[in-house]
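Protein sequence lines, in the order shown, are assigned to chains Y and A. Positions 1 to 564 (the numbering used here) are the ones given, in order, by the first sequence. Positions 565 to 887 (the numbering used here) are the ones given, in order, by the second sequence.
Do not rely on the hints blindly, as some may be mistaken.
Said to hold, decoys possible - Some chain Y residues judged to face chain A by a derived CB distance under 8 angstroms, without partners named: (1) A132; (2) S215; (3) L220; (4) G253; (5) G261; (6) G390; (7) N392; (8) V394; (9) V401; (10) L410; (11) S413; (12) E422; (13) A423.
Stated by the list, open to error - A few chain A residues that don't get close to chain Y, going by computed Cβ distances all over 12 angstroms: (14) A575; (15) L618; (16) G631; (17) I687; (18) F715; (19) L770.
Since the hints were derived computationally from the structure, they do not count as laboratory data. We put the CB at the ideal spot given by N, CA and C, even for glycine.
Here are the chains, one letter per residue:
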Amino acid sequence: MSAERPGTLRRALRLTSARIALGLVVLIAVLAVFGGALAPHDPLAQDTSAVLQGPSWAHWLGTDYLGRDVLSRLMAGSGRSVVGALEAVGIGLVLGVLPGLASLWLGRVYEWVSLRIVDAFMTLPYVVFAVAVTGFFGNSLLAAMTAVGLLIAPLYFRVTRAAALGLTRTQYVEAAELYGASRHRILRRHLWSKILPTIAVTTAQALAAALLTVSSLAFLGLGVQPPLPTWGELLSSDLDYLSIQPWAPLFPGLLIMLVAGALNALADAIRDTGAAAAIVAEQSIETPVEVVDDAPRATVAAVSDPVLRVGGLRVTVHDGRAEAVHGVSFEVGRGEIVGLVGESGSGKTLTCRAITGLLAPGVARSAGSVELLGGDGSEPVDLTALDRAGWNAVRGPRVGVVFQDPASYLNPSIPVGRQLVEALRAHADLSRTAAKARALELFGSVGLRDPEAVFAQYPHELSGGMAQRVLIAIAISGDPELLIADEATSALDVLVQAEVLDLLRTLVRERGLALLLVTHDLGVVAELCDRVLVFEAGRIVEQGPASQVVAAAPEYTELIGAAS
Amino acid sequence: MSVPVTVFLIATFGTYALGALGGANPAATVLGQDATPAAIANLNHRYGLDRPLLVQYFTWLEHALTGNLGTSYFTSIPVSTSLGQALPVDLSLAALALTFAVLLGGAAGIGSALKRGSLLDRIVSAVCSALATVPPFLVGITLIVLFAVIFRLLPSGGYVPFTQDPGQWLRFAFLPALALSAEGAAAIARQLRTSLVGALQENYVLGAAARGLSARRTLFRHALRNAAGPALTVLGVQVPAIIGGAVVAEKMFALPGVAQLALTAGSERDVPVIQGALLVTIGVVLVSNIAVNAVLLRLTPHARRSPRTARRRPAAAAAEVGA
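Please model the entire structure based on the sequences and the hints provided.
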């Protein structure tokens with residue numbers, strides 16, 4: 001819905017960069033395997049007559065302090081450098097991924113112990129640990145890379161565990177478990193598809209990090225075994241002759257940068273592809289509607305004491321390339337409950353979002369008027385001409401909104417009571433204690449049985465019905481004249497739904513609210529609404545008193561019944 | 565507090581055991597190849613190396629906790645004396661580097677998340693990618709060439725303790741700290757951008773807007789609060805990286821820190837000094853982890869619930885399935 005839509009050019013560029021990165025990685029792999037054979041000179045052949053030379057036709061990258069060809073040493077050193085990095089990453093992969101997954105399923109004792117061991121490893125810096133290990137076991141590339149590998153393992157452990165944990169917390173896995181699906185099946189169906197991209201991204205990054213660590217260690221003279229060339233060895237010998245050849249570290253340095261950069265670009269590309277798939281999936285849900293230029297068929301019924309007037313409202317999606325709402329007009333009166341019904345994608349939610357100015361990026365109101373008519377001591381407001389500050393004065397004190405899936409509309413990190421207090425104090429000059437007293441009062445008035453307890457709870461600690469009551473309390477906290485409930489009861493079970501609908505009816509009666517109720521449930525309409533607007537493909541195709549529309553238009557009943 | 569203590573014990577025991585297993589004992593390093601078996605046995609006994617590993621470890625730990633880390637195999641200087649001189653160098657340097665990383669990375673991350681796709685965003689992203697692929701010492705060399713050689717603004721190496729002259733300390737610490745902070749700043753900027761972009765698309769941000777909260781309040785109190793967690797975690801992970809980077813920075817900028825001590829000891833296989841340096845490193849990292857976790861817990865309390873608590877609400881979960 002809030003799909004970020006990069007331009008085609010940018011997406012293509014991203015693809016190209018991924019291809020270049022992949023090409024570089026393949027090139028390095030080839031160098032690692034055949035580098036020694038392809039090298040133009042013997043990487044170990046010394047020539048005392050040509051020491052520390054600059055680039056020339058015979059030696060493209062010059063010669064080192066023993067007159068050896070730098071290009072040949074770079075090429076021949078690729079194998080050992082890449083193998084060193086692979087070794088470190090391989091150790092990390094094996095010691096990280098499986099224990100990481102196991103930590104979710106092998107019980108609490110294992111989980112606790114393995115997490116502590118991982119924590120212990122994470123306290124050790126790569127370079128310091130490598131210094132220590134080479135101090136303990138003697139200075140060799142194997143010792144240095146084993147040390148680095150041991151420290152890469154916790155990274156894999158954490159990443160794998162986090163991805164798997166994130167998955168087990170998602171509702172569909174909880175649901176699958178509730179419906180009795182075995183853990184093994186959940187694991188097979190969902191886990192690997194979620195974790196493998198994460199592991200791929202981590203591996204690309206870890207390889208880059210390992211190569212960089214090797215170069216740091218080489219700078220310190222660790223893991224270097226002259227005369228056998230590695231990129232690190234080249235760097236460390238270059239650094240000894242920095243005063244004569246200040247540019248020399250550039251070649252191995254650039255090569256390491258290039259490989260590390262390619263690996264990181266590849267990691268980004270893998271991640272982006274995942275994100276792009278999600279965007280495509282989101283887009284396929286909304287059905288773009290072509291712009292059709294005709295007048296709304298339904299006429300506007302006269303409403304006594306209107307609070308909201310919408311005239312000829314049009315909403316475009318996909319950055320204006322398609323129109324999804326084709327000019328709708330209606331009014332909502334004080335104390336009136338108006339139902340917006342229609343199948344998914346018929347434009348009812350977009351209409352509500354346009355009224356509250358909460359359209360997602362890429363979605364916009366292209367024409368039409370939206371007005372709060374005021375009266376009863378409040379000013380009329382043109383809702384199409386507001387900036388953010390203007391909206392802040394309208395949302396809350398004039399218009400309240402309640403959404404489907406209420407808990408997600410509350411900040412997960414803040415107790416719900418404090419979020420209500422925040423909303424109260426944003427619109428009125430209230431002291432903390434006064435705001436808290438008012439909040440408890442509001443919680444009581446929306447039927448929460450223990451306001452004090454709810455006040456201190458976090459959104460995840462509330463049931464769906466309680467969260468919706470909290471959201472309603474926040475929505476009416478500014479004493480608005482219009483309340484918009486967008487599928488506010490759809491996700492609740494029947495009993496809780498009835499209670500929440502009852503609450504909404506009471507609020508309308510007691511506060512003289514105008515209520516705009518978006519729903520696809522004709523039962524809700526028949527029970528609660530005074531008037532109904534039927535949406536179909538971005539237009540209002542029928543409207544009238546609820547009982548009349550529901551009774552006289554069985555085709556809508558079928559239509560909507562099929563959609564829900 | 566039991567967790568950090570356990571982690572401390574595991575980490576110190578692991579590194580101590582590695583030291584003991586490495587075979588770099590004083591007999592081999594000090595006496596040389598021609599030592600008689602009796603002389604080796606005598607020396608091993610003097611250092612207590614003929615006792616079981618666990619006994620050795622706990623004796624060492626007991627002494628360490630009272631400030632006695634043994635003496636160097638080579639110089640006979642108490643390890644705690646050398647570390648006492650070297651540690652303040654690293655602590656002050658790391659603190660400055662962390663400050664740079666948070667300020668630079670935080671500003672860049674927030675800026676690029678708010679102005680997605682803008683020139684600023686693209687520059688930040690390019691700089692971050694570049695920094696992630698540059699070998700750390702190249703950053704240091706570049707900074708030295710720029711600030712010390714070309715512009716002659718700052719010294720290229722050396723050190724004055726903070727307690728002696730804070731102004732001079734800053735002059736000497738500025739370049740190494742900046743070099744150290746580069747990687748951390750890039751990591752924080754990237755993570756903060758990602759998590760902030762994600763947080764800004766969350767329903768609770770829409771919810772905050774629907775309540776009429778100001779854009780600033782929505783950003784800082786709602787979006788950033790939830791987005792800061794991952795960035796803070798990255799910061800926590802960066803502490804060991806910064807200390808690791810300090811080894812390179814100390815060598816490059818000629819700073820008399822713990823890493824220099826460890827590096828010299830490593831090349832001489834001077835086990836007591838290496839173990840002392842590791843102990844101090846582990847201690848510093850653990851303390852900073854505790855600090856990061858304390859902030860994290862205050863910031864996002866809900867993140868600490870176990871998945872098991874979530875499963876205790878089948879009714880709520882089932883209700884949401886129908887959505």
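Margin query: Hint validation: A423/Y versus chain A, beta carbon distance must be below 8 angstroms. Holds or violated?
Written below: holds (4 angstroms)
Check: Hint check: is the beta carbon of V394/Y less than 8 angstroms from a beta carbon of chain A?
Finding: Check passed: Cβ of V394/Y comes within 7 angstroms of chain A, closer than 8 angstroms.
Check: For G631/A, which was marked as not at the interface, is the minimum beta-carbon distance to chain Y over 12 angstroms?
Finding: Per Cβ check, G631/A is outside 12 angstroms of chain Y; nearest 21 angstroms; holds.
Next item on the list: Return the status of the interface hint for G261/Y: holds when the least beta-carbon distance to chain A is below 8 angstroms, violated otherwise.
Entry: Result: holds, 4 angstroms to nearest chain A Cβ.
Note to self: If I take the minimum Cβ distance from I687/A to any residue of chain Y, is it greater than 12 angstroms?
What the structure shows: holds (16 angstroms)
Item checked: Hint validity - L410/Y Cβ closer than 8 angstroms to any chain A Cβ -> holds (6 angstroms)
Notebook entry, point to check: Holds or violated: S215/Y as interface residue toward chain A, Cβ cutoff 8 angstroms?
Noted result: Cβ of S215/Y sits 4 angstroms from chain A, so the hint holds.
Note to self: So F715/A supposedly isn't at the interface. Is its beta-carbon more than 12 angstroms from every beta-carbon in chain Y?
What the structure shows: holds (18 angstroms)
Notebook entry, point to check: When you look at the beta carbon of A575/A, is every beta carbon of chain Y farther off than 12 angstroms?
Noted result: violated (4 angstroms)
Check: Taking the least C-beta to C-beta distance, is N392/Y closer than 8 angstroms to chain A?
Finding: holds (4 angstroms)
Next item on the list: Verify the interface restraint on L220/Y: the C-beta must sit less than 8 angstroms from at least one C-beta of chain A.
Entry: Interface hint status for L220/Y: holds (6 angstroms vs cutoff 8 angstroms).
Next item on the list: Confirm or reject the statement that L618/A sits farther than 12 angstroms, beta carbon to beta carbon, from all of chain Y.
Entry: With a cut-off of 12 angstroms, L618/A remains clear of chain Y, as the shortest Cβ separation is near 17 angstroms.
Hint compliance for this structure: hints 6, 14 and 19 are not met, and every other hint is.
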